[in-house]
Amino acid sequence: MAFDKMELKDIEVWDGNFAAAQALRQCQIDVVAAYPITPSTPIVEGYGKFKADNYVEGEFVMVESEHAAMSGCIGAAAAGGRVATATSSQGFALMVETLYQASGMRLPIVLNVVNRALAAPLNVNGDHSDMYLGRDSGWIQLDAYCPQDAYDLNFIAFKVSEDHDVRLPCMVHQDGFMTSHTAQGVHTLSDDVAYSFVGDFKPMNDMLDFEHPVTHGVQTEEDWHFEHKARQHNDLMTKVMPKIQAAFDSFEKLSGRKYNIVESYDMSDADVCVVCMGTSVETAREVATEMRAKGIKAGVVGIRVIRPFPFFEIGEALKDVKAIATLDRSSPNGAPGMLFNEMAGALFNTDTKAMLSGYVYGLGGRDLTKAHLVSLYTELQANVDAGKVTTQLQQFIGVRGPKLAFL
Amino acid sequence: MLELRWHSRAGQGAVTGAKGLADVISTTGKHVQAFAFYGSAKRGAAMTAYNRVDDKIIMNHEKYMQPDFVFVIDPALVYTSDVTINGKENTKYIITTHMSTQELVASQPKLEGKEVYTVDCIKIAQETIGRPIPNTPMLGAFMKISGMYDIEFFKESMVRILGKLPQKIIDANMIAIQRAYDEVK
Numbered sequence: 001m002a003f004d005k006m007e008l009k010d011i012e013v014w015d016g017n018f019a020a021a022q023a024l025r026q027c028q029i030d031v032v033a034a035y036p037i038t039p040s041t042p043i044v045e046g047y048g049k050f051k052a053d054n055y056v057e058g059e060f061v062m063v064e065s066e067h068a069a070m071s072g073c074i075g076a077a078a079a080g081g082r083v084a085t086a087t088s089s090q091g092f093a094l095m096v097e098t099l100y101q102a103s104g105m106r107l108p109i110v111l112n113v114v115n116r117a118l119a120a121p122l123n124v125n126g127d128h129s130d131m132y133l134g135r136d137s138g139w140i141q142l143d144a145y146c147p148q149d150a151y152d153l154n155f156i157a158f159k160v161s162e163d164h165d166v167r168l169p170c171m172v173h174q175d176g177f178m179t180s181h182t183a184q185g186v187h188t189l190s191d192d193v194a195y196s197f198v199g200d201f202k203p204m205n206d207m208l209d210f211e212h213p214v215t216h217g218v219q220t221e222e223d224w225h226f227e228h229k230a231r232q233h234n235d236l237m238t239k240v241m242p243k244i245q246a247a248f249d250s251f252e253k254l255s256g257r258k259y260n261i262v263e264s265y266d267m268s269d270a271d272v273c274v275v276c277m278g279t280s281v282e283t284a285r286e287v288a289t290e291m292r293a294k295g296i297k298a299g300v301v302g303i304r305v306i307r308p309f310p311f312f313e314i315g316e317a318l319k320d321v322k323a324i325a326t327l328d329r330s331s332p333n334g335a336p337g338m339l340f341n342e343m344a345g346a347l348f349n350t351d352t353k354a355m356l357s358g359y360v361y362g363l364g365g366r367d368l369t370k371a372h373l374v375s376l377y378t379e380l381q382a383n384v385d386a387g388k389v390t391t392q393l394q395q396f397i398g399v400r401g402p403k404l405a406f407l
Numbered sequence: 001m002l003e004l005r006w007h008s009r010a011g012q013g014a015v016t017g018a019k020g021l022a023d024v025i026s027t028t029g030k031h032v033q034a035f036a037f038y039g040s041a042k043r044g045a046a047m048t049a050y051n052r053v054d055d056k057i058i059m060n061h062e063k064y065m066q067p068d069f070v071f072v073i074d075p076a077l078v079y080t081s082d083v084t085i086n087g088k089e090n091t092k093y094i095i096t097t098h099m100s101t102q103e104l105v106a107s108q109p110k111l112e113g114k115e116v117y118t119v120d121c122i123k124i125a126q127e128t129i130g131r132p133i134p135n136t137p138m139l140g141a142f143m144k145i146s147g148m149y150d151i152e153f154f155k156e157s158m159v160r161i162l163g164k165l166p167q168k169i170i171d172a173n174m175i176a177i178q179r180a181y182d183e184v185k
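These protein sequences, in sequence, are chains C and H. Heads up: the first sequence is residues 1 to 407, going by this note's numbering. Heads up: the second sequence is residues 1 to 185, going by this note's numbering.
Just chain C, with the same shape it has in the complex:
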């Protein structure tokens, strides 16, 4: 190989951004086309430095916008190569048009999305607004809760996305600042082991294969458009989850680290639970353990795979719990909240009699404290004791001013 390998300690103290940059280096990307934006900048900056220092041999394309960044990734993926980039917030919003192109053209691209609020008002801190914006785009979406996850899930993303039965792009989400700029111990894989997990890129319908000419980015009107979209949806609904599970299984064999499509914590006998994503999952786990010491049987359900949505896995995880709180870190702007709606959908035709209430929290990086979660679990236990939801169905956590509650 023409590039240098890097010696890593078994445990490196990395933030989520650097963990993702290291994973990209170890996967040996053919083309990174990127336009930096806070808080994801250090991912492509770190990758650019690896390139300058001869640790990678792919192309690094500097472009004039995030729209161009994803367009460049689409072109490179169609040409036939391993492709990745990173973005956040406004940059992600500008990419949205091209996100649908990438998934519709069935191109395996890995996009690290470092979650950040959407303006206005302008805010660089972490919430899930951009992640929610992408949820109908036809991409696979994986969610990291800490820097270790941000590292590991990149390998999973390439493995699944590039599988010839899948061929769909994949986002790896991490919380802006709370993961991206928080340094923690990360268990590393050696360069050889990491690369052998993702393997060499295997092209499919690549435009640079001149022996087999193909067309990408076609127009289909009412004659074929629906069939293309339905096929894409079919593959997301039927083919992706088994591949993710297989990737999680083989990754566990390799690293000893176990990931699940739905991450249940202390749910086997839980009376009350929260359903959430990102760093909040880990904080909630700590609080749930503390609640058990106070006699409240608390659990946590973390969503690891956001798209395709784990409809049946969620139903299974929540089947015996009595009161559920969904925590949406994005303003629903006139609706109950994405997680509230998805939980309601997943549970509606089941036998559960669980009470469901929704909470909006953490917008623009507002802290979710352990004290908030203690109150939340206490409120859920009060619902259980009363046998009904004692509050309005939608509440806000940690917002100043008069109490806001709806529905």
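Source of the hints: derived by calculation from the structure; they are not laboratory data. These numbers were taken from a predicted model, which means no experiment stands behind them. Some hints here could point you the wrong way.
[As the list claims (entries may be wrong)] Taking lysine-lysine pairs in the DSS-like style, the calculated list, with each CA pair at most 25 Å apart, reads: (1) H:Lys92 - H:Lys114; (2) H:Lys88 - H:Lys30; (3) C:Lys258 - H:Lys30; (4) H:Lys92 - C:Lys258; (5) C:Lys294 - H:Lys63; (6) C:Lys370 - C:Lys297; (7) C:Lys294 - H:Lys164; (8) C:Lys388 - C:Lys297; (9) C:Lys51 - C:Lys9; (10) H:Lys164 - C:Lys51; (11) H:Lys164 - C:Lys5; (12) H:Lys88 - C:Lys253; (13) C:Lys253 - C:Lys319; (14) H:Lys42 - C:Lys49; (15) H:Lys63 - H:Lys110; (16) H:Lys88 - C:Lys9; (17) H:Lys92 - H:Lys110.
Model the placement of chain H on the given structure of chain C, informed by the hints.
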């Protein structure tokens, strides 16, 4: 769980200091977390950085903290920020200042009755490294006050962390760490 809060100005190296400290502690088998509040991240703006250290995996991602130690690496922040916010009864303060501890406490009544230590990290950094970057000296002072590690082990670890800097800068940092260790009161 050991929790530390840094008060700094953006550009003075609190984030690098917090991450460096986390790196050293991680090599001894403990679990670490280092993060910061950046705000709009303008150079010179007041900012805070944080460390958590524990024997088990750190799952708490809340930004709220009641620190065991507070480091102030810019002397003026004692007056323009509340460095005692969310403090505990036994929180220890290590503050960069040219004043004696007694003079400092007299000038900022909020520090009265607290366990306050002082060291002039700015002067030490200027005289050794040649720039007012007070982060590594603060860690030297912390080693003295906390007794966390032997100072020689700590310096050896910092040599590795500063790794890619020119040898002259690394040597100057080692002198700065030792001086702060010796001079903190």
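Hint check:
1. H:Lys92 - H:Lys114: At roughly 7 Å apart (the allowed maximum being 25 Å), Lys114 (chain H) and Lys92 (chain H) satisfy the hint.
2. H:Lys88 - H:Lys30: Roughly 23 Å separates the two Cα atoms, so the pair holds.
3. C:Lys258 - H:Lys30: 21 Å, holds
4. H:Lys92 - C:Lys258: 40 Å, violated
5. C:Lys294 - H:Lys63: 24 Å, holds
6. C:Lys370 - C:Lys297: 16 Å, holds
7. C:Lys294 - H:Lys164: Violated, at roughly 50 Å.
8. C:Lys388 - C:Lys297: 17 Å, holds
9. C:Lys51 - C:Lys9: 21 Å, holds
10. H:Lys164 - C:Lys51: 17 Å, holds
11. H:Lys164 - C:Lys5: Holds, because 17 Å separates the two Cα atoms, which is no more than 25 Å.
12. H:Lys88 - C:Lys253: Outside the cut-off at roughly 45 Å; violated.
13. C:Lys253 - C:Lys319: 29 Å, violated
14. H:Lys42 - C:Lys49: 24 Å, holds
15. H:Lys63 - H:Lys110: 23 Å, holds
16. H:Lys88 - C:Lys9: 36 Å, violated
17. H:Lys92 - H:Lys110: With a Cα-Cα distance of about 13 Å, the restraint between Lys92 (chain H) and Lys110 (chain H) holds, given a limit of 25 Å.
Figure legend: structure checked against the earlier numbered hints; hints not met, in rising order: 4, 7, 12, 13, 16.
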